[in-house]
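Below are the chains, spelled out letter by letter.
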Amino acid sequence: MDLEFEKSLVELEQQMSELEGGSDNNQQLNSQVTQLKRKINSMRKKLYADLTPWQTVQVARHPERPVLRDYIEGVFSEFIELHGDRAFGDDKGIIGGFASIGRQRVMLIGHQKGKTTEENIACNFGMGNPDGYRKALRLMKLAEKYNLPVVSFIDTPGAYPGLEAEARGQAEAIARNLTEMARLEVPVVVLVTGEGGSGGALGIGVGNVVLMLSHAVYSVISPEGCASILWRDGSKAPEAAAALKITADALLELGVIDGIIEEPVGGAHRDHAATFDAVKTEISQQLARLKKMSARRLVEQRFKKFAMLGKFDNRKYAVHR
Amino acid sequence: MGWFTRKKAAVEEKPDLWTVCPACKAHVYKEEWQAALKVCPQCNYHERLACTERLALLADEDSFMEFDADIRPADPLKFSDAKGPYADKAQQTVEKLKLNESILTGGCKMNGRSVVLGIMDFRFLGGSLASGTGEKIFLAADYALRHKLPFIIFSASGGARMHEGILSLMQMAKTCAAIARLNEDGIPYISVMTDPTTGGVSASFAMVGDINIAEPKALIGFAGRRVIEQTIKQKLPDDFQTAEYLQEHGFVDHIVNRAEMKDFLCRVLRYWKEN
Ligand SMILES: [Zn+2]
Numbered sequence: 001m002d003l004e005f006e007k008s009l010v011e012l013e014q015q016m017s018e019l020e021g022g023s024d025n026n027q028q029l030n031s032q033v034t035q036l037k038r039k040i041n042s043m044r045k046k047l048y049a050d051l052t053p054w055q056t057v058q059v060a061r062h063p064e065r066p067v068l069r070d071y072i073e074g075v076f077s078e079f080i081e082l083h084g085d086r087a088f089g090d091d092k093g094i095i096g097g098f099a100s101i102g103r104q105r106v107m108l109i110g111h112q113k114g115k116t117t118e119e120n121i122a123c124n125f126g127m128g129n130p131d132g133y134r135k136a137l138r139l140m141k142l143a144e145k146y147n148l149p150v151v152s153f154i155d156t157p158g159a160y161p162g163l164e165a166e167a168r169g170q171a172e173a174i175a176r177n178l179t180e181m182a183r184l185e186v187p188v189v190v191l192v193t194g195e196g197g198s199g200g201a202l203g204i205g206v207g208n209v210v211l212m213l214s215h216a217v218y219s220v221i222s223p224e225g226c227a228s229i230l231w232r233d234g235s236k237a238p239e240a241a242a243a244l245k246i247t248a249d250a251l252l253e254l255g256v257i258d259g260i261i262e263e264p265v266g267g268a269h270r271d272h273a274a275t276f277d278a279v280k281t282e283i284s285q286q287l288a289r290l291k292k293m294s295a296r297r298l299v300e301q302r303f304k305k306f307a308m309l310g311k312f313d314n315r316k317y318a319v320h321r
Numbered sequence: 001m002g003w004f005t006r007k008k009a010a011v012e013e014k015p016d017l018w019t020v021c022p023a024c025k026a027h028v029y030k031e032e033w034q035a036a037l038k039v040c041p042q043c044n045y046h047e048r049l050a051c052t053e054r055l056a057l058l059a060d061e062d063s064f065m066e067f068d069a070d071i072r073p074a075d076p077l078k079f080s081d082a083k084g085p086y087a088d089k090a091q092q093t094v095e096k097l098k099l100n101e102s103i104l105t106g107g108c109k110m111n112g113r114s115v116v117l118g119i120m121d122f123r124f125l126g127g128s129l130a131s132g133t134g135e136k137i138f139l140a141a142d143y144a145l146r147h148k149l150p151f152i153i154f155s156a157s158g159g160a161r162m163h164e165g166i167l168s169l170m171q172m173a174k175t176c177a178a179i180a181r182l183n184e185d186g187i188p189y190i191s192v193m194t195d196p197t198t199g200g201v202s203a204s205f206a207m208v209g210d211i212n213i214a215e216p217k218a219l220i221g222f223a224g225r226r227v228i229e230q231t232i233k234q235k236l237p238d239d240f241q242t243a244e245y246l247q248e249h250g251f252v253d254h255i256v257n258r259a260e261m262k263d264f265l266c267r268v269l270r271y272w273k274e275n
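As you go down the protein sequences, you meet chains A and B in turn.
Mapping the first sequence onto the working numbering, position 264 (from 1) lands on 264, and the numbers just tick up by one.
Mapping the second sequence onto the working numbering, position 120 (from 1) lands on 120, and the numbers just tick up by one.
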C-alpha cells in the first residue's frame, strides 16, 4: 500500500517497472533503469527525512508496518506466551511472555495489532482491556520475582473505550500499572514501535529507558480526537498533529524519550529485516547497560526520570495570592 | 407563545432568588441551596465546588498553609488551536479565577489532625491535568512523605490537558510515582472523586487511593460516554459511570455526602498506625 504523499514516487516506480519489463538486456535501457532507481531512492530519502507530523502518523499506522508478532519472529529467538490475568480472562490486545533476545532472557509485553481486518478484530486493533493491563502487571511482577528485565513494545490507538472495559475498571487497571511500574525492581526498556496512543500506551510505558522508532508517534490524544474537540472539526487532524508535538524528534527534545531508533529509508514497512536488526542491537545494548545497575538504583533512576517531566512557570508574581 | 413570554418575564423579576437544580430541576431558595453546601435537598445532587469553597468545608479555621502557589502554566509546546494560543487562554483563566493552576495544595488541620490536601478546581480549564498540576501533586506528596502526614486529593477533572500534549500525559506517570512512594513508606493516601473525575485523572492518582471515596452521583470513568457509544454502537445504561455504578463494580469504597466528608475522613484516618 502506498501513502498519499508518496504519489510522485509511485509514478516513477511504475515507469521503472515498465522499463524493466521491456528490457532484453539492452545496455542503454539498463543504465536508464539504474538512473531512475537512484533518483527514486534519493527522492524517498529526502521525503522521509522531512515528513510532516501528519505524514508521520500515516507511516506509524501503515498496515504493512511490523507488528508485535513480526518483532517476536525477527528480534527474539524464543517466545513462550503466558496467558491471562488470573481474574477475568486473556486479553488479546496486550500479550506477553518469556522471551530471549540474543543471550539475554527477558519478560516481553506489548500491544498486539493485526495485519488483516480479521486479525485486527481478533486482537481488538491493539486496544487493551483492563484484563490486558492486569495481565501485563502480573507478568511484570513475575519478572521481578525471576529477576528478568521487562521489555515493553507499544503500538496502540489507545485503551479500549467500551462498556465492559469501563465496568471492569479500565481507569483503575491503567492507574495501578503506573503506580506499580514506578517501583519495579528490574530494568524496564520501553519501545514505541508505531502508535503511542495516550493512557493506553503509557499503561505499559513507565521505563528506565523509553525509545521510539523514528517514524512512530506518541500522543496524549489522537490528532483526530484533538481536532474534533479543540478545532470542532475532525478534518483538522493535520493541524492538531503538528500542534501536539507527537514525533520522535519533538519528544526527544521534550525529554520524554531517551533515544530514537532510525528506520530504514522509506519506513519500517519497506524493510522489516533492517528494522529488526536496528531494534535488536539497541535493545540489547540498553539491557546490557541497565543490567549493571542495582535494583535500588533502577527504581531511583526511573523515579527521577518521570519526576523531572513537565514544564511550568514558577516565578514569583506580585498579583495573585 | 404569550404564556412563554410571561413566564420568562416573571423569572427575570427576581433573578437571584432561586437556584434550579441541574439534576431534578427543583427550584430551591438560593439561601437554602448555599446552606446545604450546594447540595440539592430534593435529589441529593452535589454541585461542583470551587477549590476554595471545598477547602472551607475541610480545613480547621486558619490552619491552611498553601504550597507552591506560584506554579502556573508555561505553554511548553507553544500550542495554538482554533481559538488561539494556549498561553492567552491560560493567562485569562488565571486572571479570571485568581487561581494559578487546576489544583490547590497545602497543609492543614482537620478536626485537629494534620494532613496534606490537594483540591482540584474544575473551573480551571476543566480541571485538566497539566505540568503544573502534576508538579503540585508531586511536591505535596513529597511533603506528606517527609513529614509522615496523610495525603488526601479531591479530584475534579475532565482528564489530561491537550494543550501541553505528551507532557500532560506524563503527569499521570509522575503523580502515580509519587503515590507509589507513599505506599512504600506506609503513608496513607485517600482519593476523593468528585464530579467529574474522568480520562487521565481517573486513570492515574484518582483511582489508586488506599481508600477511594466519591461524592454521590459524581461522574467517574475513563472514556467519554459519546466515544463509547460510537465505538460499541449501543445505548449505555443511565447510571453508567456514576459514583454508585463504580461502587457497584468494586472501584469505590464509600460514597459520602458532602456534609459528612470531613468527619468521615477523620474517622478513617484513626485506623492508621501512626494515630
Ligand atoms: Zn435536585
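Careful, some of the hints might be misleading.
Covered stretches of chain B (chain A as the covering partner; in silico rule of three or more C-beta atoms under 8 Å from a C-beta of chain A) [claimed, not checked]:
| hint | segment |
| --- | --- |
| 1 | 20-33 |
| 2 | 118-126 |
| 3 | 197-211 |
| 4 | 247-253 |
| 5 | 259-268 |
For the record, the hints were derived by calculation from the structure and aren't laboratory data.
Please read all numbers here as calculations on a predicted model, not as lab measurements.
Where is the CB? At the ideal position from N, CA and C, for every residue including glycine.
Each hint, compared with the structure:
| no. | hint | result |
| --- | --- | --- |
| 1 | 20-33 | violated (count 0) |
| 2 | 118-126 | violated (count 0) |
| 3 | 197-211 | holds (count 9) |
| 4 | 247-253 | holds (count 3) |
| 5 | 259-268 | violated (count 0) |
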